[in-house]
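**Student:** Take a look at the letters that make up each chain.
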Amino acid sequence: MPKFQKIKESFINKPWIYLGVIGIVLGVVLGSQFSQKIPRIISPAVSYIALDEMQTNLESEQANLKKSLSSTDGKIDELNNQIEIKQSGKKDLINEVETLKRKAGLTDVSAPGISVLLDDSDDRKNNPNSIAHASDMRDLVNNLWINGATAISIEGAGHIEERVGPTTSIDCIVNTVLINGTKIVPPFKIKAIGNREKLISSINDQKALKLIYDRVSKEGLVFHIVDGETMITVPKFTGSLTFKNAKI
Amino acid sequence: MLKFNSTTREVVSKLLLLAAFLVLGLLIASQYLLYQKMGFTQSSNDPGGKAVRVSNLYSDNNKLKDQLNDRETQLNNLQDAASNNDELQKLLDEDKAKYQIILGVVPVNGPGVTIDINHQLVLTQLVDLINALRNSGSEAIAVNGKRVITTTPMESFVDQANYKIEVIGEKDVLYESVTRPGGILDLITYGSATRSDNLLLPKV
Numbered sequence: 001m002p003k004f005q006k007i008k009e010s011f012i013n014k015p016w017i018y019l020g021v022i023g024i025v026l027g028v029v030l031g032s033q034f035s036q037k038i039p040r041i042i043s044p045a046v047s048y049i050a051l052d053e054m055q056t057n058l059e060s061e062q063a064n065l066k067k068s069l070s071s072t073d074g075k076i077d078e079l080n081n082q083i084e085i086k087q088s089g090k091k092d093l094i095n096e097v098e099t100l101k102r103k104a105g106l107t108d109v110s111a112p113g114i115s116v117l118l119d120d121s122d123d124r125k126n127n128p129n130s131i132a133h134a135s136d137m138r139d140l141v142n143n144l145w146i147n148g149a150t151a152i153s154i155e156g157a158g159h160i161e162e163r164v165g166p167t168t169s170i171d172c173i174v175n176t177v178l179i180n181g182t183k184i185v186p187p188f189k190i191k192a193i194g195n196r197e198k199l200i201s202s203i204n205d206q207k208a209l210k211l212i213y214d215r216v217s218k219e220g221l222v223f224h225i226v227d228g229e230t231m232i233t234v235p236k237f238t239g240s241l242t243f244k245n246a247k248i
Numbered sequence: 249m250l251k252f253n254s255t256t257r258e259v260v261s262k263l264l265l266l267a268a269f270l271v272l273g274l275l276i277a278s279q280y281l282l283y284q285k286m287g288f289t290q291s292s293n294d295p296g297g298k299a300v301r302v303s304n305l306y307s308d309n310n311k312l313k314d315q316l317n318d319r320e321t322q323l324n325n326l327q328d329a330a331s332n333n334d335e336l337q338k339l340l341d342e343d344k345a346k347y348q349i350i351l352g353v354v355p356v357n358g359p360g361v362t363i364d365i366n367h368q369l370v371l372t373q374l375v376d377l378i379n380a381l382r383n384s385g386s387e388a389i390a391v392n393g394k395r396v397i398t399t400t401p402m403e404s405f406v407d408q409a410n411y412k413i414e415v416i417g418e419k420d421v422l423y424e425s426v427t428r429p430g431g432i433l434d435l436i437t438y439g440s441a442t443r444s445d446n447l448l449l450p451k452v
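From first to last, the protein sequence lines stand for chains A and B. Every letter in the first sequence is one number past the one before it in the working numbering, and letter 191, counting from 1, is 191. Every letter in the second sequence is one number past the one before it in the working numbering, and letter 1, counting from 1, is 249.
Isolated chain A (complex conformation) (with noise of 0.2 Å):
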């Protein structure tokens, strides 16, 4: 305690021993704030503040893009529905065609049918076995084609839906899933039109679906159907329709 309590003193005598540890102290931090080299960009790619804001104007565009889309096709609706009227000369080709492209996924339509939540697990969100992925939708969709399904869509959150249609993919890209290029996120409602029996089944059938049950029990995967949703509505395809190679 007095050897102590004799250092103490010996600090308190002398000031100068804090303004020498100030000025190492603030030496060094200022030595290395000036001695910090900015980095060259030495590869093609952009800073990530540059990607960051690149993403933010990419994806605004794309949202302008898809309400210019969206209110493109409303005047060609309506532009077609005044030439229905008005060339009658032509109703049965006209009709021909609208049936074709009512079933080529290409208008709304509301139907019975399922809707099923796909969502990460709650407790184990840092575990990739327990958060959902764009190849479990993929198998949910062909297990749901296979079992009759006439339309599909995948709804994340936000209620942003796109419809699976015939140039559609499903990619996970880093922690999102991209369908017909829109960004989705969880939770995931896979909306099926067809006998409800039928896809009830297919969902409950724990052989078909193996890679999504075992990460249900295991890993706490949110998987199951939508109480009460048996009237389901598809949105139109909006995805790519440029066929640009294929021919008759």
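All clues stand as given, with none of them false.
Some chain B residues near chain A, calculated using beta-carbon distances under 8 Å:
| # | residue |
| --- | --- |
| 1 | Ala299 |
| 2 | Asp308 |
| 3 | Asp343 |
| 4 | Lys344 |
| 5 | Pro359 |
| 6 | Ala388 |
FRET-style restraints, in silico, Cβ to Cβ:
| # | chain 1 | residue 1 | chain 2 | residue 2 | range |
| --- | --- | --- | --- | --- | --- |
| 7 | B | Asn366 | A | Arg102 | 34 to 42 Å |
| 8 | A | Pro112 | B | Glu403 | 17 to 25 Å |
| 9 | B | Glu424 | A | Lys91 | 41 to 49 Å |
| 10 | A | Asp205 | B | Gln337 | 47 to 55 Å |
| 11 | A | Glu61 | B | Asp420 | 24 to 32 Å |
| 12 | A | Asp227 | B | Ala409 | 43 to 51 Å |
| 13 | B | Leu323 | A | Gly228 | 36 to 44 Å |
| 14 | B | Leu323 | A | Val222 | 40 to 48 Å |
| 15 | B | Pro429 | A | Ile24 | 47 to 55 Å |
| 16 | B | Thr442 | A | Pro128 | 35 to 43 Å |
| 17 | A | Ser217 | B | Val271 | 50 to 58 Å |
| 18 | B | Glu320 | A | His224 | 37 to 45 Å |
Hints in this document: simulated from the structure, not taken from any laboratory. Backbone N, C-alpha and C define an ideal beta-carbon position, used for all residues, glycine too.
Given the structure of chain A, go ahead and fit chain B onto it with the hints provided.
**Tutor:** Only chain B this time, still in chain A's reference frame:
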């Protein structure tokens, strides 16, 4: 040498400590902000992910722009067709052909690639393969002579001894996406691909 009485020493020492911590705090904050501005903290948590997302957004927006151009052309054509019988006929024929291709109710021809795989594929490989081909811009697909459309389940193609997958689309784009390192064949299944100027795929 400086000499203080005990009260002054205490005040000076406390003030000095306060000033030192203040300056240190400011420096730490400015250092952190500098690092953040340079992207160190964030990019180290997400290496490459942001670039992939931006790249995909860019390519998807280009596709959307193409779609919008197509729709605007269609709208213009419709406006002409509203007052011109021949234009209307042409437009209806084009739409009809497009929908028939989508539904697979007619045979279809065009350039593309043929993928040959000489071993069995399980269901998930087939699902992923067709998904990847659609992502690469395929316009029509046939597996072992059978047309694949939106609603075609992959079950019927499982465990066949070999596969011939014919894909109509931009043949160079398809070929590259199929054969490049880390591409479809590399990631999903081994096989070979050849470009073709004219493939003929059957109807469903």
